Structures are given as structure tokens and as C-alpha cells.
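**Q** Chain by chain, the residues run as shown.
Number of protein chains: 2
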Amino acid sequence: MTDSRTMFSTAPSLMTRRQLLHRLGLVGGSSLVMGTMGAWDLMGDARQPRPAWQRSGRQASVIILGGGLSGLVAGWELGKLGYDCQILEARESVGGLCWTVRRGDSHTEVGGERQVCDFDEGQYFNAGAWRIPHADTGVLDYCAELGVPLELFVNSTDANFLYEEDPERGPLAGRRVRLREVKADLWGSITELLAKAVDQGQLDVPLTPEDRERLVTFLVQAGYLDSVDYVYRPPELRGSEERYDLSALLTAGFGARVRSLYANTGGPDPVFQPIGGMQQIPLAFHRAMEERVVLGTEVLSIRQTESQVRVAYRNVRTGGVGEATAEYCICCLPMAVLKTIDVELSPEMAEAVASTSHSDSAKMGLQMKRRFWEEDDGIFGGHLFNRSLGLGEFSYPSNGYLTEKGILLGFYAGGSTAELDQKPIRERIEYVLTQAGKVHPQMRAEFDTAYAVWWEKVPYSLGAYGRSPEEGARAQLAQADGRLYLGSAGTGTRPAWLQGAIESAWQSVDSLHRRVSAG
Amino acid sequence: MTDSRTMFSTAPSLMTRRQLLHRLGLVGGSSLVMGTMGAWDLMGDARQPRPAWQRSGRQASVIILGGGLSGLVAGWELGKLGYDCQILEARESVGGLCWTVRRGDSHTEVGGERQVCDFDEGQYFNAGAWRIPHADTGVLDYCAELGVPLELFVNSTDANFLYEEDPERGPLAGRRVRLREVKADLWGSITELLAKAVDQGQLDVPLTPEDRERLVTFLVQAGYLDSVDYVYRPPELRGSEERYDLSALLTAGFGARVRSLYANTGGPDPVFQPIGGMQQIPLAFHRAMEERVVLGTEVLSIRQTESQVRVAYRNVRTGGVGEATAEYCICCLPMAVLKTIDVELSPEMAEAVASTSHSDSAKMGLQMKRRFWEEDDGIFGGHLFNRSLGLGEFSYPSNGYLTEKGILLGFYAGGSTAELDQKPIRERIEYVLTQAGKVHPQMRAEFDTAYAVWWEKVPYSLGAYGRSPEEGARAQLAQADGRLYLGSAGTGTRPAWLQGAIESAWQSVDSLHRRVSAG
Chain A
1 MTDSRTMFST
11 APSLMTRRQL
21 LHRLGLVGGS
31 SLVMGTMGAW
41 DLMGDARQPR
51 PAWQRSGRQA
61 SVIILGGGLS
71 GLVAGWELGK
81 LGYDCQILEA
91 RESVGGLCWT
101 VRRGDSHTEV
111 GGERQVCDFD
121 EGQYFNAGAW
131 RIPHADTGVL
141 DYCAELGVPL
151 ELFVNSTDAN
161 FLYEEDPERG
171 PLAGRRVRLR
181 EVKADLWGSI
191 TELLAKAVDQ
201 GQLDVPLTPE
211 DRERLVTFLV
221 QAGYLDSVDY
231 VYRPPELRGS
241 EERYDLSALL
251 TAGFGARVRS
261 LYANTGGPDP
271 VFQPIGGMQQ
281 IPLAFHRAME
291 ERVVLGTEVL
301 SIRQTESQVR
311 VAYRNVRTGG
321 VGEATAEYCI
331 CCLPMAVLKT
341 IDVELSPEMA
351 EAVASTSHSD
361 SAKMGLQMKR
371 RFWEEDDGIF
381 GGHLFNRSLG
391 LGEFSYPSNG
401 YLTEKGILLG
411 FYAGGSTAEL
421 DQKPIRERIE
431 YVLTQAGKVH
441 PQMRAEFDTA
451 YAVWWEKVPY
461 SLGAYGRSPE
471 EGARAQLAQA
481 DGRLYLGSAG
491 TGTRPAWLQG
501 AIESAWQSVD
511 SLHRRVSAG
Chain B
1 MTDSRTMFST
11 APSLMTRRQL
21 LHRLGLVGGS
31 SLVMGTMGAW
41 DLMGDARQPR
51 PAWQRSGRQA
61 SVIILGGGLS
71 GLVAGWELGK
81 LGYDCQILEA
91 RESVGGLCWT
101 VRRGDSHTEV
111 GGERQVCDFD
121 EGQYFNAGAW
131 RIPHADTGVL
141 DYCAELGVPL
151 ELFVNSTDAN
161 FLYEEDPERG
171 PLAGRRVRLR
181 EVKADLWGSI
191 TELLAKAVDQ
201 GQLDVPLTPE
211 DRERLVTFLV
221 QAGYLDSVDY
231 VYRPPELRGS
241 EERYDLSALL
251 TAGFGARVRS
261 LYANTGGPDP
271 VFQPIGGMQQ
281 IPLAFHRAME
291 ERVVLGTEVL
301 SIRQTESQVR
311 VAYRNVRTGG
321 VGEATAEYCI
331 CCLPMAVLKT
341 IDVELSPEMA
351 EAVASTSHSD
361 SAKMGLQMKR
371 RFWEEDDGIF
381 GGHLFNRSLG
391 LGEFSYPSNG
401 YLTEKGILLG
411 FYAGGSTAEL
421 DQKPIRERIE
431 YVLTQAGKVH
441 PQMRAEFDTA
451 YAVWWEKVPY
461 SLGAYGRSPE
471 EGARAQLAQA
481 DGRLYLGSAG
491 TGTRPAWLQG
501 AIESAWQSVD
511 SLHRRVSAG
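Going down the list, the sequences are from chains A and B. First residue of the first sequence: 1, per my numbering; consecutive thereafter. First residue of the second sequence: 1, per my numbering; consecutive thereafter.
Just so you know, these hints were derived from the structure itself, not from any lab. Owing to the predicted nature of the structure, the values given are computational and were not obtained by experimental measurement. Just so you know, not all the hints are guaranteed correct.
Because identical chains cannot be distinguished in the list, a pair is counted as satisfied if it fits within a single copy or across any two copies.
Unchecked claim - Below, computed lysine to aspartate or glutamate pairings styled on DMTMM-like, alpha-carbon distance capped at 25 Å:
#, residue 1, residue 2
1, Lys369, Glu151
2, Lys369, Glu145
3, Lys196, Asp211
4, Lys196, Glu210
5, Lys339, Glu393
6, Lys80, Asp360
7, Lys405, Asp141
8, Lys369, Glu404
9, Lys423, Asp360
10, Lys405, Asp84
11, Lys369, Asp141
12, Lys80, Glu404
13, Lys405, Glu145
14, Lys196, Asp245
Take the sequences, apply the hints, and build the full model.
**A** Following this line, the structure appears as C-alpha cells:
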């Protein structure tokens, strides 16, 4: 299953590399795969197949730090190989950046305000990871293995609005324009230009007369042209008979959203989400190995001896401190958190860790009394393309269609946008209501309650996803530092994605298992 | 809710008509709406808002024949108005053409074979109605009212294959080609032609030099052109670097699948399906008014006196016959079934009924051991565009993604295609495996079991959806014939859609209620 699934990337160069890996994997097992490629970090951002590890007769005890996705995967795979693992997680639930905010969830911003989520029961939004490209077979295979059902995430639909505020963007500035209007009018204008030119012999097209006729027929159909005079006639599907001027559309910059192929963050359709929120994935891991996960345990320091790793921790419920020891440790804490912990690293490793950085992304979910975007505007999922409004990815829910309430992702952008990180939460909400209200006047009247997650201010995260380290640092981060391995997403090439977290965990498991197996 | 939802059609002319109705409805209630329009049948295929009936203090007893969607809606709405209704259904479950075939379901073809469905538990396919356009607010409002959750139905995705067998269709005949390849290559060829012509001043484009530059920039981005020489460079998203020849694509006729706007049966995205199958809608109606539905009751004759309608029926379990009487009757049986029943109609009505016709559509669901289309080919929903294979709409499931087994809709076309209606079921399955196997060589090895529904051979249906009657016949069918009303989808303008069944039911309820209210 895993092998065949790794073959459906749409990127030809990746296909080839993966097919090679696949063939090698069939012949020589995972160590041959690793050996051929030299090191994981040389493989760039191709998706990795899950290595086919074998029990070697040797095992060890391992402390895994952090119950985010990478820590859970490391614990899961080592458990299969017979290792004695313990996962220490500071929070009262697993998931880390896979946080699905629901009623009753809470956090206190570092040096700041406390929020308690008061969404209605059953309402939620994904504050961190939120979409799974269908090429991310590492994630999808675990969903299948653990029984996490998936549904479609709508990244874009023709009903979505584009909005530009800047008057220099021409006559469409300040108007909300549908993606379907932009697509129909731009392609319509272009097919019209070409059909007329071909028909009038203005253009030297390298086609037979027969094919030239077929071309014009295609242009007429594809662009919704009049079959007699080749003038573009906006189709009913477009939603309004008014046609936007070609110059106005180009000046607005809306053409940047139009491509011959659908392209969006996460790659081509489909993009998936777990039914019930992204946290369903870590929760499923937790259920499957409850005995290995210790919640409410904050790591204070990591020390090594010749035969042991010693982790000092604080029980966040009692405040008491304690120590855990094991033969090895895989640290899956975010790099931003690792930097705050008392740990002795080799100078090279310390330098590599210090060189890492992360995104300051923030998200806000707003519960609305009524799904006005569906009822009034016929929008089901996708985004509001709003460059000038400073909301980043403003996104409509891809679940609970046509039910009563719903949560809009009103903001997904850098936390320092409009200096929001320096403002109280009330003012951040105001900002979103005001800016989004320019496109959706219903925002304020239908607003119910909101929850803001500025990841740099979230304890035990201290940042959103990592930035991919430089190649040199990445090679260093992939090495063992004595008995300590780093396995968080931030060590790899796709730290913003679940697949990246999984591959980083695989890398640490692979290195550790080969070392232990070699004795 | 109903009113606002009726506003999201994308068809401007319909919008206007509906907005008019909406405004009239706000002012004068539903009878004004009806009065203004003269008759339902004048309104063409615009979606109707649900009339806002009021209890009038007068009610009556009504027998409703047929527990398909139209009969259920009639019973539901009359029940709200205080009427004493009984719905007689010949089968052992409600739904009619809303049949979701599951393990244990069975039927014996008229004059032919018996099938018992042996799909795995949890596997199903919609043998009749299967998709709900998002403009069909009548359907969606009932789903909300009855708590039927919806999910997305994928009508088309760029990963879908197109296949032409006919050698006269040029060099691509006999090759499976991806929709994304066709789209990228056709638009790429066209943007390339235009960008070069504009750049070389070959074309007289009515744009300023600045806009002309913006146009070229747009063409380069949208068509994936080289920014220096304006040659089309197939993007990674396309899935392979090979570029199909413009002439080959045009000759194959694949351009007919490419439009500036996404267009497919059921209109623009999204198209919905109930989670768990289309029959969830009739089942929800049934649960909500169980006491009004009598299953296993086959109608034999309909007679009228001056004050009564008398319906003779046969209990299909015991074989015993009986009679039900009421002041009125709404017949929601398929027109094909009505034609076989002993009923006295006025000559005009008899003629109108005789003039109706229906589709001979058939469907086959094939359970596959493995979702090879997902695992091997990265196809998640949508169709195989296969004109020459004679499979009609061959469709991949839009649910249960990445689980183990799955049901392909292997055939949805006229039942007499390739004379399949004259062949045993085993041979019909063979046909589908052979034809679909030309595109999906895995078909035969992964085949598990199938269920075939040739609607003309299904007892109590005797055909698939109706064809819309001629205008004159439609006006006649909308009249009361004494105390008998016709309310099946086959009397209206959109008989192939759930929305049509609902609107036909509304029409009969509206006429009856106005008559009873008038005393």
C-alpha cells in the first residue's frame, strides 16, 4: 500500500526519484535506500516512502521529548521495533502545532492574556496544521493505519472573491470580484483576440486549414465566444452579464490567480483534512499507545553521560520536578523551545540549532451566528483573496456545509501584521472584523465569538512552523549528538507540513535503529 | 433561510425571476406568487422557493401514492398543514429512484433475473439520484430541516482521464490522457500563440503599451510560458514533461472538456451528496413521519366518486387486497407505473399521461478489492471521459477516500447501450470490465462483486427519471382531475433532479391546499 501510494505525486522529477527509491527498496530494504542516497538531506523536498525497518534483536530505551506529530511518530515506530519508549509532553493533550481549537480549550499568551474558547459544542478550527496534500503519503498512510477518516479541503472555488483596496489598482479597486468572473473574462478576452486573428488570417498559425477550423471551434467553446462574430459573451455560469474590461482586470492584478491548471498551497486537488479537525491524527496516535505518553511534563534540562541521557522535568500539575533516564533521547520539541532549554550540545550542533528560525504565523477563528457566505453568497470553502486587506489566508470552512453556525478562519498571516502582536486580543478581533467587513458586510452583525492563536506567544510552541534550515545546518541537525537525536519538523526540508514532521521523525528513528542494530 | 438561499444561483436570468418571486412572496404570501406567475409551468426551469403555506382552518384526508421523494414531500407538507395523510408505498423501503444499494438489497428484473447485493458492509452506491447542485435549495433546505449531513460530490478533477478509441480521432486514440494534460497543453498552446503575436506586433490589440505588457505577463503566468521566448513549458503540475501536439488534441476532440469556467452536470461547484448515500433523504422523511407511511402496499386501481377517492391495493407480503379512501389523492407514482394502473382519467388527462416518456438509464456499481484509482493513479472522484467506450458516466467515489475497498460506478448510460438490456447480468458486468479495462487494466484483477440496476426492469419504477413533458401536456398534468392530483417529478420541468420532484410535490400541495382552503 505504502509503495503504490508513493507513486501519485504529480511532479515528474519527484516521481522518478521516488520510483528509483521504490525499486531499490524492493531489492534491498531500507538501508540500501538510505545508503544509495547518502543522506536524507540530499533528497531535497521529495516525499519519502516510510522505511521498511526490521526488528534486529537489539533494542534500547528511548525518551522522546514532545508529543507533537514528530514525537508521536518516533514513539509509534520505535514501539513497533520493540523499543522501550516514553514520550514527554508538557501540555495536557498531544498534537503541538496540530491543534484543533474547541470549546473549553485555553492558553495564556507568553507575557499576556488568557483566552478560554467559548465556541459552541461541535464547532472548531485548526489553529495550526490544516491541510494534507494528496501527495503527502506519509500522512495519509498513518490516517489509514490509525483509522482517521478524511474529507476534502477546498482550497479554491470559482465563487471566491478577489478584493483590492489600493486605488492604483484601477477601476476594480474597492469592488469584490468573483474568481469565476475573472477567469471567464480573461480567458474570454484572450480567446476572442485569437479567434478573430486566426479567422481573419492575421496570424500565421502552423496548422492545416482543417485544424485551424478545429482551433476556432475550440476557442469559441472554451472561451464562450459567439460562434458568428467571435465576440466573448459572458456565460450564465459567470453569474452576471456585465463583462469586466481586460485592462481593468490586468491592472487589478487579478490575473495572477488564473492559470491553465489549478494551483494552490498544498498542490493540486485534492487536499484533505481529517473529519473533526487535524488534531484527530495525534489523538489517534495517543489512543493507540496511551501507556507511552506522559502529559503535563515540561522538560527543564537534558544531560548525557557515556551510557545514558538524563532529562529533568517539571510536573506542570504539581510543580514537582523529576528525572527520566534512558539510553537514548529523541528531541522533537520545536527548535524555538529547544533554544530555551538547558542542554549541552556539541559546538557544531549548538551552532546549527541557533541558526534555525521559524514563522511568526498567527490564526484567528471567528464563530459566526449564520453561514452567510454560504446562504447569501454561495461560497462553500476556499479563500478570500485579499492581498491589500492584510488578512492573509481568510478561509471559509470545508465542513458542516449548510448547517447553522460556522467558524471562519478570519486571519492567517504573520503575527506582526499591522502590529497586531502588540495589541490586545479584542483589538485583533476588531481588526479582522473591520478588514473582512469591507468584503463581507455581514461580518459584524453575525459575529459571535473568536479565538486567537499567535503562535510565538503560545507556551511550549513559541513559534509557528520552522523555516527549512540551510543545507549545512540540516546535515548537522541530522547527526546524532552523542546519545541525543533531533527529530522535530524543524530539522528537515518541509517543516511547514505534517509530512515534514513525519519524515524528520523517520530520519531520527532510522539513524537510531541502525546504530542500535549495529550494536 | 429559504429565501436567502434561493439567491445563490449563478444564472443571472434566474436570479432576477427568483428575486421577483421573493419580493412578491414577502408582500403577499405564496398565493400572490402563484397568481402573478399564472401557473407553475410558465416558470420554466428556475428553482422555486418553497411556498409559505398557512393553515386555513380547513383540512382534508389525502391518500398519497408512492413513497419516493415527491410523495414524501407532499405528505410532509400536508402534515404540517394539519391534513390527514397516508402514503402508500409498494416497496419495503421508501425512496423510489433515491435508491442507495447496500448489502442485502435485492430486486428481480421484470421478466428476468434476481440479484441480491453482496457488497461488504458499509459499501454502497447511488443507483438513481446521486448529486445535488448547490443551487437546488429545495433539496438542501430539507436536508437542513431533517438533519441530513452533506459532503462534496466531485464532478471532475484534473487527474481524470479522457480516452478515445476511434483511430479516426488521431494519434491520441487508444491512449489515456489526463484532463490536466489537456488543459495545460491547450491553454499553453493558445497563450503561446498570442504572446508571440503580441510581442512581435503581429496583432492589433486595443491596449496601451503598459497594458500590452501586463497582458504578456498574464499570458506567461497563466499558460506556463517561458518568460524569454514565450514558448510553452509544461509545468510540473501537469505530471509529465511531454507536450501533446495541438493538432493531436484538437483531433481527439478533447478540447470539448475544456472551458474557462468549470462546467459539469449539476452546474458549478459545489455539488453535494448526503453522507451515507442519497437514500438518507427519503429515510429521514420516513423517520420523521413513520405513522403516515404504509410500506409493502401496491396500488391496483384508483376510482373517484363525487366525495371520495378509492384506492384498491394489494398487500405484497400477504397477497391480500384492500381499499383505502380519502377526500383527495395525490399520485406520485412514476408516470410509467401510472400507465399500468387501472385508473379513470378525463380524456385530456389520459392523453397527457400517455404522452409522457422517460429515460431508460441504467447504472452498475462494482465493488473493487482495492481503490487502485486512488493508490495507483491519484484519482479522487470525478469521471472517466470515455465517449467511445460506451460506459456513459464512469465515476469514482467521492467518499471513503484512501480506505480499503470502494465501489466504482462503472456504467451510467442508456440501458440499451450495446444491447445490454437483452443480456444476462453476468454479461453486462463482463462488458463493463472489458471496456473500463482498456483504461484501467486493474479492473478485472481487483473486481469483487457488482450490482446492476436497469431501471426499466425494476418493478415499481419501470424506468429511470422522466423526460420533461411538452408544455401543453405539462399544463394539463398540473390540473386536478376531479379529486386526483399528479405530483411526481415526471409532471414537471426538471424530472431528472430531486429539486424537480420536490417542486412537483409543492405544486400539487399548493393546488390542493388552495382548493381546500377556499372550501
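**Q** As a check of your reading, is Lys80 near Glu404 (CA-CA no more than 25 Å) within one copy, between copies, both or neither?
**A** This pair counts as between: shortest inter-copy Cα distance 22 Å, intra-copy 44 Å.
**Q** Go through the copies and call it for Lys196 and Asp245: within, between, both or neither, with a Cα cutoff of 25 Å.
**A** both (18 Å within a copy, 22 Å between copies)
**Q** Evaluate Lys369 and Glu404 at a C-alpha cut-off of 25 Å and name the case that applies: within, between, both or neither.
**A** Classified as within; 7 Å inside a copy, 38 Å across copies.
**Q** Evaluate Lys196 and Asp211 at a C-alpha cut-off of 25 Å and name the case that applies: within, between, both or neither.
**A** both (16 Å within a copy, 20 Å between copies)
**Q** At most 25 Å between CA atoms: does that hold for Lys369 and Glu145 within a copy, between copies, both, or neither?
**A** Between. Shortest inter-copy distance 17 Å satisfies the 25 Å Cα cut-off; intra-copy 37 Å does not.
**Q** Regarding Lys369 and Asp141, is the shortest C-alpha distance of 25 Å or less found within a copy, between copies, in both, or in neither?
**A** between (37 Å within a copy, 18 Å between copies)
**Q** Tell me, please, which holds for Lys80 and Asp360 at an alpha-carbon limit of 25 Å: within, between, both or neither?
**A** The answer is neither: 36 Å in one copy and 55 Å across copies each exceed 25 Å.
**Q** How would you label the pair Lys405, Asp84 (within, between, both, or neither) given a Cα cut-off of 25 Å?
**A** Classified as neither; 46 Å inside a copy, 35 Å across copies.
**Q** Within a copy, between copies, both or neither: where do Lys196 and Glu210 come within 25 Å Cα-Cα?
**A** For Lys196 and Glu210, the Cα distance is within 25 Å both inside one copy (17 Å) and across copies (22 Å).
**Q** First find the shortest C-alpha distance between Lys339 and Glu393 inside one copy, then the shortest across copies, and answer within, between, both or neither for a cut-off of 25 Å.
**A** This pair counts as neither: shortest intra-copy Cα distance 29 Å, inter-copy 57 Å.
**Q** Can you tell me if Lys405 and Asp141 fall within 25 Å by alpha carbon in one copy, between copies, both or neither?
**A** Between copies, since 15 Å is at most 25 Å while 32 Å is not.
**Q** My question is about Lys423 and Asp360: at a cut-off of 25 Å on alpha-carbon distance, are they close within one copy, between copies, both, or neither?
**A** within (15 Å within a copy, 66 Å between copies)
Against the hints set out earlier in the document, violations occur for numbers 5, 6 and 10.
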